[in-house]
Amino acid sequence: MKLQRDDMVRAGDDTPLELFSQGIRSEWTRDKYTRTLRQVTCEFFEEWLTGTFEERVVQLVRCGRDKPDWTRDLLISLSRKLRERTELDVNDKDYLNPASFANYFKPIKKLFDMNDIHISWKRIYATSVVQKVNINK
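Numbering (the working numbering), first residue to last: 100 to 236.
No wet-lab data here; the hints were simulated from the structure. Hints are not guaranteed to be accurate.
What the hints assert, rightly or not - Using 27 Å as the maximum straight-line C-alpha spacing, the simulated DSS-like pairs for lysine-lysine come out as follows: (1) Lys192 / Lys205; (2) Lys166 / Lys221; (3) Lys221 / Lys208; (4) Lys166 / Lys180; (5) Lys221 / Lys205; (6) Lys166 / Lys205; (7) Lys209 / Lys166; (8) Lys221 / Lys209; (9) Lys180 / Lys221; (10) Lys166 / Lys208; (11) Lys180 / Lys101; (12) Lys180 / Lys192; (13) Lys208 / Lys180; (14) Lys180 / Lys131; (15) Lys131 / Lys205; (16) Lys180 / Lys205; (17) Lys180 / Lys209; (18) Lys208 / Lys131; (19) Lys221 / Lys131.
Stated by the list, open to error - Estimated spans, in silico, between C-beta atoms of each pair: (20) Tyr194 / Lys131: 18 to 26 Å; (21) Tyr194 / Asp130: 19 to 27 Å; (22) Thr151 / Asp112: 19 to 27 Å; (23) Gln138 / Lys101: 39 to 47 Å; (24) Phe152 / Asn196: 24 to 32 Å; (25) Cys141 / Asp172: 14 to 22 Å; (26) Gln121 / Arg164: 12 to 20 Å; (27) Asp130 / His217: 25 to 33 Å; (28) Met107 / Ser219: 30 to 38 Å; (29) Lys131 / Trp220: 16 to 24 Å; (30) Arg134 / Thr114: 35 to 43 Å; (31) Asp193 / Lys166: 27 to 35 Å; (32) Arg222 / Glu117: 27 to 35 Å; (33) Lys101 / Cys141: 43 to 51 Å.
Since we're looking at a predicted model, the values are computed, not measured. The beta carbon of each residue, even a glycine, is placed where N, CA and C say it ideally should be.
Based on the sequences and whatever the hints tell you, model everything.
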């Protein structure tokens, strides 16, 4: 086997969303991650990102590359806001089950990993929810 010059694929040839999708084998997971990423970029980050879903993803990746500290702070703010929802009464419509907390960050992490964006996830996860364990079970 010989790799030809024409066979060379550059990462810049694909959009950030295409790279994101390429990194997920399971169609079910790809659909779930895409829905969650759409919710995060179009609803949660509505104040900072504009345009279509695809344009917002490009903006988020660009911010991650150009302003990693700002992007990290935005994710920490999201983490804190989600944590507040886990502390609500279970019957509250905005209540978030602590077990679901990480599901909001997995698609963002995959997007950044597939687009070579390096974020300190340790700081973000440090603000996450500590699940209560019932030792009486």
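- Task: Just pull the numbers of the violated hints for me, sorted ascending.
- Result: 11 and 30
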